[in-house]
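> One letter stands for each residue in the lines below.
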Amino acid sequence: MSDQVQTSHAAPKGFIRKYIFSTDHKVIGIQYFFLALVAALIGMLMSLLIRLRLAWPTERWPMLETIFPEGFKDGLMQPEFYLAMVTMHGTIMVFMVLTTAPQSGFGNYFLPIQIGARDMAFPVLNALSFWLTAVSFLVLIAALFVVGGAPLGGWTFYPTLSAIPSAGPGQALGADLWIVSIALFCVASLLGALNFITTTLNMRTSGMTLMRMPLSCWGWFTTAVIALLAFPVLLAGGILLLLDRNVGTGFFIPSGLVVSGKLIEGGGGSTILWQHLFWFFGHPEVYIAILPGMGATSHILATFARKPVFGHKAMVVAMFAIGLLGFFVWGHHMFISGMNPSVAIAFSVLTLVIGVPSAIKTFNWLGTLWGARIRFTTPMLFAIGFVSLFVAGGVTGLVLGQTALDVVFHDTHFVTGHFHLIMGVAAIFGIFAATYYWFPKMFARTMNETLGKLHFVLTFVGVYAIFIPFHVLGIAGHPRRYADSSGYEFLQALDPLHVVITIAAFATAAAQVIFLVNFFWSLFKGKRAEANPWEATTLEWSTPTPVPHENFGEVLPVVHHDPYEYSVPGATKDYVMQTEPNSF
Amino acid sequence: MGRLLAILIWLITAGTAAFFAWSKTKTGWWFPEAISEHAAAMDSQFNLTWAVVAVAFFGAQAALGYAVWKFRSKGNERATYSEGNTRIEIVLVAITGIVFIALAITGQRVWANLHLNQAPPDAVQIEATGQQFNWYFRHPGADGRFGSTSPKLYDDTDNSVGARPGPLGIDPKDPSGKDDIFGQTLVIPINRPINLTLRAKDVTHNFYAPALRLKQDAVPGLKINLHFTATKEGKYEIACAELCGQLHHQMRAYMRVVSQAEFEKWLSENAPK
Chain R
1380 MSDQVQTSHA
1390 APKGFIRKYI
1400 FSTDHKVIGI
1410 QYFFLALVAA
1420 LIGMLMSLLI
1430 RLRLAWPTER
1440 WPMLETIFPE
1450 GFKDGLMQPE
1460 FYLAMVTMHG
1470 TIMVFMVLTT
1480 APQSGFGNYF
1490 LPIQIGARDM
1500 AFPVLNALSF
1510 WLTAVSFLVL
1520 IAALFVVGGA
1530 PLGGWTFYPT
1540 LSAIPSAGPG
1550 QALGADLWIV
1560 SIALFCVASL
1570 LGALNFITTT
1580 LNMRTSGMTL
1590 MRMPLSCWGW
1600 FTTAVIALLA
1610 FPVLLAGGIL
1620 LLLDRNVGTG
1630 FFIPSGLVVS
1640 GKLIEGGGGS
1650 TILWQHLFWF
1660 FGHPEVYIAI
1670 LPGMGATSHI
1680 LATFARKPVF
1690 GHKAMVVAMF
1700 AIGLLGFFVW
1710 GHHMFISGMN
1720 PSVAIAFSVL
1730 TLVIGVPSAI
1740 KTFNWLGTLW
1750 GARIRFTTPM
1760 LFAIGFVSLF
1770 VAGGVTGLVL
1780 GQTALDVVFH
1790 DTHFVTGHFH
1800 LIMGVAAIFG
1810 IFAATYYWFP
1820 KMFARTMNET
1830 LGKLHFVLTF
1840 VGVYAIFIPF
1850 HVLGIAGHPR
1860 RYADSSGYEF
1870 LQALDPLHVV
1880 ITIAAFATAA
1890 AQVIFLVNFF
1900 WSLFKGKRAE
1910 ANPWEATTLE
1920 WSTPTPVPHE
1930 NFGEVLPVVH
1940 HDPYEYSVPG
1950 ATKDYVMQTE
1960 PNSF
Chain F
16 MGRLLAILIW
26 LITAGTAAFF
36 AWSKTKTGWW
46 FPEAISEHAA
56 AMDSQFNLTW
66 AVVAVAFFGA
76 QAALGYAVWK
86 FRSKGNERAT
96 YSEGNTRIEI
106 VLVAITGIVF
116 IALAITGQRV
126 WANLHLNQAP
136 PDAVQIEATG
146 QQFNWYFRHP
156 GADGRFGSTS
166 PKLYDDTDNS
176 VGARPGPLGI
186 DPKDPSGKDD
196 IFGQTLVIPI
206 NRPINLTLRA
216 KDVTHNFYAP
226 ALRLKQDAVP
236 GLKINLHFTA
246 TKEGKYEIAC
256 AELCGQLHHQ
266 MRAYMRVVSQ
276 AEFEKWLSEN
286 APK
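One line per chain: the protein sequences are R and F, in this order. Per the working numbering, the very first residue in the first sequence carries number 1380; after that it's consecutive. Per the working numbering, the very first residue in the second sequence carries number 16; after that it's consecutive.
Source of the hints: derived by calculation from the structure; they are not laboratory data. Just so it is clear, the structure is predicted and the values come from calculations on it, not from any experiment. Among these hints, one or two may not hold up.
As the list claims (entries may be wrong) - Covered by chain F, per the in silico footprint, the following chain R stretches (three or more residues, Cβ under 8 Å):
(1) 1451 to 1464
(2) 1534 to 1547
(3) 1599 to 1605
(4) 1715 to 1722
(5) 1769 to 1783
Note that beta-carbon positions come from the ideal geometry of N, C-alpha and C, so glycine has one too.
Let's have the full structure, built from the sequences with the hints guiding it.
Below, the structure is given as structure tokens:
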């Protein structure tokens, strides 16, 4: 099994077929990964610009003026530039990073291998998904540079601000491009989801029952099911908004609006309709971002705890429960929107119910560590960090999920702190854990452990230093998306906190250079990786490194065991691979 | 590394606790002063929830740190082979479920009071209108009735009290609009229920009064009612809490809570001549 054997289908020879327009799920996975990496760097730089303005709103930056002559007129960051950065940071991070890397990146590479398949069910569709995503990303970036300014309506793009081109800077062509980009992204994600679901259900190798799938596969599968149901709704919303803006329909525009001194013709629509469509997608999107990280974390925790996952079945059920309930709580983003207040109560109760499967996940991660013999590798550190951050971000959901308390905290920095911890950095920690864990399999080399650990410690402390203070800003009442709070008496005392957060943000961003150096150095110069460096049990570690074309030799692996058979009493080694025959 | 990580997790947890405790003692780093009737109930619901949040946060982080400290690998020793413990799982889930759902239900009382009940009929009627980037507040005047408005009549060039149609587009032909009073400061009497009707002229805004513990979108095309009672005289800030465009952060206004006598005096002084 471990010897590389000539496969039935010949691997493509030319560079373009092999690395650019490839239909190999491994190449596509890596393409998605690098797309997300580029997007993450751009998104992070934008967050630093945001932090500059919040810490020093009246400071002049002549050097930045040379790069952004309009955004930094006279060296001063303009409010529309600040809002554009807020909008684009959010959009890029949510769609191009958090939806792309964990699901499309790692999922593409490892789902087929972990279930013992040679590729995804629809390889050409898979390539199409990636290239649509790439075009979507380029269109989004183009929105930054067009006449009329970059879109500034926030990543939620609420009408009527976003529906009426004359409603100020950023509402012209930039807004159209934003919608087109998101619509393309929706199509790409929809196709990707179909592929993931079909692959999971139809292409498992002999012996790979659903309950023998690694939890990472359950993460990707559940996410694909959510994506299949959520993205079409956003796509429909996006198309309607595009029509409102360009054809004069009035789905989201009520009658009788006067914008910039001009009466808007037509109308008859509802702005709240957009919010329903957006959040029907938007809330499940949170789980699209975090579930693959949960799956990877469970997978990695078991590997380095040298123990089976605590309550494997409960983990699967909890993941599906989160996915399902995630479709019935979108209204908690809209308590103060003007929606029927009785409906808000139902959304609120369901929102706190979703805390229960989330708590199951946390218990079981702790249970997995209990009685373990933990090996503290870099991926394990990030997986443990994921658990810590998931808890830190999750608990404040108890505050925000309550109707009455949301009245106080809605659209304050309490929310910013909450979602950055749970769907921002927790998900990013999942990505880092996955990167350090699977790097040896993907790139056939090993990343440097010392640099990895240093990167972990600085980032772990850094993200807490950034996002815990956000909660205090929010408790004091500080609204989000304010380019400048100096006009408000009740926000004056918070200025030093903004400076502290900005310093922490720059320091944490600088620590990411350690990751980049480690990543690229290891890519070319890292120690050659063995087939199974972590002594892990699942199928990706039973195939040789580098992974051959079509993943396995002539014969597909046969699975005999549950995914995490570590420290089995009586076994010769402390791990039993899924492919090992029953008599060990 | 195991011990270092455990210490790191505990330090972060303790640091977070210390930071919140310290923030609470600093002026301007915790809730603004609360001056509405429902605010006390809201704040006590927050304190209850915050206690649960603290227990969950510290409990989970402490346990995580402990596991990391205690169960690090030692030589070739093997981990305990266990696939879980259904009984512990069920107990923990039941406790969490009960606590979370209890919070969700208790939290609804304040909400119901705020949004499911109507303002009493004798409430002071005021209309708040948001536009890019300021607020207008309108009182119905002596007749107790608002004059009708029309978007076709909006005129932002003159926003003095007597301007007709003015920025709110008050129909000059409607007699009930003659005595309407409007301005950019919200003036309300103390200890009387206020019924605030929220409107928006262009995009979605949000009436946000931190001291009242109130936040409600002002939605184009809708009239949304909000009722509250202020319990302390003084001058407080109003902000916009829904991104409304380039100068969203400048959409600021004041609210003055005054005695009934002063309120009546203010009304008569500002009545259009």
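> Which constraints among the numbered hints does this structure fail? Numbers only, ascending.
Per hint list: single violation, 3.
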